[in-house]
Amino acid sequence: MLLLEGATYRYAGYATEVLHDVDLRLDDGEIVGLVGPNEAGKSTLCLVASGLAPASVGGSLKGTLTLDGTPAAGLETHELAQRVVVGFQNPNTQRSGIAATVFEEIAIGPMNLGLPVTETVARTREAIARLRLEHLVERDPQRLSGGQAQLVGIAALLAMRPRHVILDEPTAQLDPAGTHLVGEALRALAGTGASLLIAEHKTDLLDEVCGRIIVIDGGRIVLDGPTAAVFDDPRLAELGVEPPARARLSRALVERGVDPAVVGQAIASAAG
Amino acid sequence: MSVFTRAGTTVLFTIGPFDATLQGVDFAGQTLVRLLAISTAIGLFGLTTEPRSFVLDLERRGLSPRFAFVALATLEAVPAMVERASVIASAQRARGLDTEGSIRARLRGLLPLVGPVILSSLTEVEERSLALEVRAFGKPGRRQLLWRIPDSGAQLAVRSLLMLALVAAIAGRLTGTFPALP
Ligand SMILES: Nc1ncnc2c1ncn2[C@@H]1O[C@H](COP(=O)(O)OP(=O)(O)O)[C@@H](O)[C@H]1O
Ligand SMILES: [Mg+2]
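If you're matching them up, the sequences are chains A and B in order.
Just so we're aligned: 180 in numbering that gives the first Met the number 0 is position 181 of the first sequence, and the numbers increase by one with no gaps anywhere.
Just so we're aligned: 90 in numbering that gives the first Met the number 0 is position 91 of the second sequence, and the numbers increase by one with no gaps anywhere.
Everything labelled a hint here was simulated from the structure, so no lab data went into it.
Coverage of chain A stretches by chain B, computed from C-beta distances (three or more under 8 Å per stretch; other residues unrestricted):
1) 51-61
2) 91-97
3) 103-114
Stretches of chain A that chain B covers, calculated by requiring three or more beta carbons in the stretch to come under 8 Å of a beta carbon on chain B:
4) 66-77
5) 155-169
Keep in mind the model is a prediction, meaning the values are calculated, not measured.
All C-beta atoms, glycine included, are put in the ideal place defined by N, C-alpha and C.
With the hints as extra help, turn the sequences into a complete structure.
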């Protein structure tokens, strides 16, 4: 379980706080979506919840982060990395810059952990299979498309076999097929007991994989609840978040006088 | 008269005011052989050894992972910088920058490229270092490397022979079998 309590955070050299008294709890096996307008503090929350801010980024944090009962404050960065990993939006900055092939790129994390070669290879193969990257293993990681690079970046995180995964806009460069692949991989990961936090603009993906959605605005959590309830909330549009297609469709049908129970049933059966 | 480094007694031949002495020619020959030996060794190393494999093998033999990372990242960064520079050059050309023509025009065209190339590399540095930390780059201790550079029996034999030859040469010098230069 990842537990963030009373987090108020300020970047180094800035007078104003970017997060205000944020509480976040990720239970094992849970996938939580994080949405909000631009500049709301999603990326900052990802940094704070992963322990990188303030430990590596600097700045000042009031409040505590606890990972499976261990306070994050006393952990070295490599100890932190074995408990929680975070993926950033720009796949170019995710690359290690020292691997000659995609296989090596994905293997670097487990290798850094000092694992035996057989274990490193097993984890790397597993991560490759999760994101169906078999056709890319021999490629130069510097010469991938944006979408491919993003998938490789996620695979490199999965190879760490983390207990907690935080992803900041993991599908920004992906087409619908790639996005779907990421969704499946995240669900499989949660199935192993990992907890996930995903900041995303693509609410359709969140609608598909998340059990809970958190809406953040101006550095404060303004909504937090089950996925369907949050995405059906009328305040969402005012916050600049586009609800998923499912929610928009059901709202339109109900507004035109269709029985809400019938709409719910029809959408459930269409979603399979 | 000998105007070069060595004075000699045995004059072999004379060109104008210069005398070529036996000692002088002997010294020149030895220096030439040394320079040849050094430059062929460096050349051979460069031609036969891929820098990447070299660094990884050094790490396998005990080089610190941190140092290996710096060396590998530098090797990979150069082509990336070149590529970035060419993208930025195209972008600047599209805005009307002149990167062809006289040397002066080209030099003037270079300036608007240097800033963006360096800046765009620097802005990503923080996120890059965070991404490395997430993958446990700071963990102390050895890594179990996946890479293993093939090392055949023949290579091992040649290496051992060369090592023996080196030891023999040093021993020869110390015992006076191969005397140093006069
Ligand atoms: N590295 C930084 N240094 C200072 N301020 C920052 C930094 N990153 C983001 N901010 C500020 O923090 C606020 C929240 O930004 P961010 O967390 O990136 O929002 P989001 O990801 O939701 O768009 C913004 O006002 C932004 O200007
Ligand atoms: Mg962001």
